[in-house]
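J.: Working from the sequences, and respecting the hints, build out all of it.
As they're listed, the protein sequences go chains A, B and C. Residue 331 in my numbering sits at position 331 of the first sequence, with consecutive numbering throughout. Each number in my numbering comes from the position in the second sequence (counting from 1) with 414 added on. Each number in my numbering comes from the position in the third sequence (counting from 1) with 915 added on.
Each hint should be verified, as a subset may be incorrect.
Subject to a maximum C-alpha distance of 16 Å in a straight line, what follows is the list of computed EDC-like cross-link-like pairs (lysine to aspartate or glutamate) [to be verified]: (1) C/K1235 to B/E681; (2) A/K406 to B/E481; (3) A/K409 to B/E681.
Label-pair distances were calculated between CB atoms; the ranges are [as the list claims (entries may be wrong)]: (4) A/F21 to B/V783: 44 to 52 Å; (5) C/E1112 to B/E891: 33 to 41 Å; (6) C/V1068 to A/D304: 31 to 39 Å.
Since the hints were derived computationally from the structure, they do not count as laboratory data. Just so you know, these numbers come straight off a predicted model, no measurement behind them. Built from N, CA and C at the ideal position, the CB exists for glycine as well.
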Amino acid sequence: MPGSNYDRDLSVKEGFVLSKFLVKWEMILVYILILLNLVLLIFKPELFFQAGTIQTIINSGFDSSPLVLGMVFILLLGDIDVSVAAQIVLGGMVTGLMMNAGIPSIICVLAGILTCVLCGAFNGFCVAYFKMPAVITTISTSMLFRGIAEIVLGENSLKNFPAWYNKIGWYNIGGIIPLSMVLFLIMGAILIFVLHKSPFGRKVYIVGNNPTCATYSGISVFRVKMGCFMLMGFMAGIGSIFFIGRMGGGISSSMATGYEMTAIATAVLGGVSTSGGKGKMFGPMIATFIMSFLIFVLGLLGVDPNTKKIFIGIILILTILVSTVNKQMIKDIKLRLLYHNNKNIEAVNDRTAELVKKNKNEIKKLQKAGGKDAEIKKLQAEIEAAQKECKEKSAQFWADQQADEKKAKERFAK
Amino acid sequence: MSDYILELKDVVKTFGGVRALNGVKFQLKKGEIHALMGENGAGKSTFIKVITGVHQPDSGTMLLEGERMTFRNTSDSAKMGIAAIYQHVTSFPDLTVTENIFMGQEIKNKFGFYDWKAMRARAKELIEPLSKEIDVTKPMGTLSVAAQQLVEIAKALSRDARILIMDEPTASLTRNECLQLYRIAKELRDKGVSIIFITHRFEDMYELCSRVTVFRDSTYVGCWDVDKITNQDLVKAMVGRELTAMYPEKTAKIGDVVLEVDNISKEGYFKNVSFNVRRGEILALTGLVGAGRTEVCQNIYGIMQPDSGEIRLEGKKVNIKSPIDALKLGIGLLPENRQTQGLVNELPIYQNVSSATMKQFTKGGQLDVNAEMENAIKLCKKIQLKANDITAPPSSLSGGNQQKVVVAKMLSAEQKVLIMDEPTKGIDVGAKYSIYEIMNELACNGYAIIMVSSEMPEVLGVADRVVVMKSGRVTAEFSDMSSLTQEMILEASLKEKGGDK
Amino acid sequence: MKKLLHSRNTGLIVVLILLLVMARILTPNMFSVQAIINMLQNNSVYALLAVGEMVVILTSGIDISIASLLAFVGIVTTSLSCANPGIPGVTWFILAIVLGALCGALNGALVGYLHMVPMICTLGTMYIFRGLAFAVSGGQWWFAASYLDSYRVFAIAKILGIPAIVWIAVIVMVLVGLFLGYTAPGRRIYAIGTSRESSAVAGIKEPTVTFYAYIICGALAGLAGMLYTANYAGGYYGMAEGFEMTAIAICVLGGVSINGGKGRIDGVAIGVLIMCVITNFISMIPGMSVWQKALQGAIIIVAVIINYFTERTAEKRALKERGALI
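T.: Printed below as a string of structure tokens:
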């Protein structure tokens, strides 16, 4: 290459910056979690320090936690899966029926998980091959899966499950650490590796952001989507173990309704965008904790389980709205509210603000140096003059605009 | 009263920090056809959107018959008799032709309901003089691009426009359709309608227009009477410098045939297309937009599969089912639309660069991010990417630098054939030059390059050989570059009913 | 004639007739006029929800809060009417529509003006409405005994032998059909669903159109809430759970494209009929009642897959036509 005056060092210069790290979405979630703990600590201190409280909170909130982990992948693709609760039921049913038939428990469990993986594969095939919208596909497959469970089970429920199922829902290792949390963290760690360190995870991001570009880059969109939906199925299979364990070892066709929505809400709260390609694994993991603490804290504060839904809904909407606020948006709002949507006014104001800031800094410097009053006064006069001019100009622009708009209104009012 | 029906002064429009219009001015006389010319990205499209009220200018004034105007939206401008036909047809593909014509100014009966019958009748009335084949009850999406253009014209006519703006209406029309359009435009002019005619083609300008205004890099360059300006001066005004300096010297040695395309056809897109490309050669595939060039490339790259015919790589027949196969064989494609096909705007540059070659950086199931970054830095330095660092997202770069990122992505794996679909579309002159340099160097390294391009000067300046397509067929092939002229290419790309070469 | 054969609705009607024939053969004694009227009466609520959902889907949005909205409004009107027996029933009819419209306006404002993703926004409001329904009801069931006749009359009064709720559903369908097909605001809904960019160029204000689309959907869901409680003479906060899915399913079955801009009211009407034939007659066949849900799901999947293939053949035909020009 004929080297012109090109001298750019493209390497990453910026290392770890604490101030940026502290305002990351994941950190904000951590603050919320701490805040919830503080609320608990202040309002029910005796309960907070009582043995078993924290464990109960975590255990009670983790029956749908594997779903959240899987849902992150689906949402990152820009798809959605509302059939996961039905998959839990179907997977649990297969395990339960085989247990009833006296087949060794490990095979039954694996068969249950395999069922869910196949359900996921069916979803994935419909979405990736037939290009069906994921919402429609999974709404109808959730009817289908739950419907199959209804056909097979009718009104009956299955009660025969391996004994260790209950342990996952209720057992604390050494009486302190909830087993479900440990398993959740292990699965989370594996999936963090898959999503953030492996080529598959990278492909998920690329497909989620821009599937066309993925195709042109030699990435098979079909395979990535299939992979994610099957992974979701696998997590639903694991989820059925968690769920049945938590329910005390029983399942019927009408159980677990609404779990899909909780999983989606948790993932979204964790910073995963439903339009695909944005979000990390850490956020939803923290959000899982937040959800279980939130529900518990609200319960302690005397809010009944159904009214809690109002809070969950409001929090969901607020987090989404807050996460869309950024510099550009603030600028836009300022433009709209303060500057009457007139870019000329905005420009004048910005320029003046800059000058004022510069002069004020210089004044400070001079004052520190014990400098001359005359110069300070001159700078102050400059500020005043600029501000006055800015006001006048803005007024002028605004008057012009108003006149134009009035004319336009008269002219175009039919 | 001023002489001008429409006058714009010092119009500025910015989009998120990018100046799309920088103090441009424009004057339109009553009853004239006025050409507006300039390269891609010169700001013409933004300019007409300002006139029609789609965008509001940041500053500047617009005078309509000497009176200051502010348009809040398109219906304001429509009420004042301004209508526009946009370049990318802005229609509603699922709605019928009738509805497309009347969207925004429906005919209603006395109860406030749509009068479909009256609308259909009026639509027929409007369409019939333009074309007898368009069924007004069909959805817009089922029509050909040319027919859609005619519907847009009918739409403009339905609003009794005093000022009509046409944004590159001839770009995708056949010769006959162009002639028809000229006739319609002249009839309108004689009725007293003033027309702003945006075009890339000198032919249009000479045929129709009395004056021409040129924009370059978002600014106003000048306005001339058509009969008082030469072709060369106009080109100079548009590109800002002499043409000769725009292309680097060719240094590559041309070797054996690498890729052979033998008689491939794809229903609905192209028929019996054959050509070949050699090592170290830059082959230009040219013709008008919609001639099937992009689709031919997509078939070679495996986005689509041809219905018949053969593709041979180094003499061996290859069966390319997907881009994965193509990349494995050593065929790369720089897609036409970098925003939708080439880049993932939300991911950092280095991840974009390695997105096609992730396998190289995978060790034991884990991506080696450091190796990825090193590779990206190496490539980006080679192509002189102007970015802060390689973790910046491509959306923070200018168009030219975005294109360079896509080029770097294609360079991160060794390739034998590189297809570049409109590699310099919408990027500034400086960035163009460095893309040409990269192409040259690749050719020197033994790459065979197929360049799809609509810009004649570029084809003449860069290519070693030229294949021209028209309506899905190859109409001409030129290998003697010294005697080749723009007119010869243009003639081949407008040839009626292509015929076999 | 050719057009009629290619029309999607023709296919749906054939399916509907086949289903009816099957039902006639499998459940001979239950296939009476009265059974059909009962069926229509019990499914009119779906019709209202599906029509509202259709309006939203046409804008390329989705509203999954409608079932919760139904429960909320239903609880509000029933509890208020029980507490104030002196007030005539028509008040509650109007209140249901207004309250529903207000809830819809919340969705519409969030989606239209604040640009939230419809799915997530309505997921949030789904929780909120359901929670509100509980808060208002206090977790209590409301029974027929405490109902006013003037409240129930909107669902069960018979006009020409057909219950009022069916008439209301039909009238709503006709009105929405007229609105969508023959008025400017209605066509705007199609326009923004088809192409937002083109709409902007045509001077259509997308946020406003989205806003009123959700209001319509909310108002219809609210109306459905009042009628649902009136029809069954009872309600509790958890009622109608999952109805939003059925409504979306009906829309898809009726040919409404989930990407927006495509779909007609007659398709949705046939979709409602098919869905209610499946749910009702299947449940009448001895031992088959448990098949309902699975069949519903399977039918939608099959419908969408058939859609895929018909669209592909249409595409191929279009390409062939283009090929002739080359």
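J.: Starting from the hint list further up, note which numbers the structure goes against and sort them upward.
T.: Hints 3 and 4 are the ones this structure does not satisfy, whereas the remaining hints hold.
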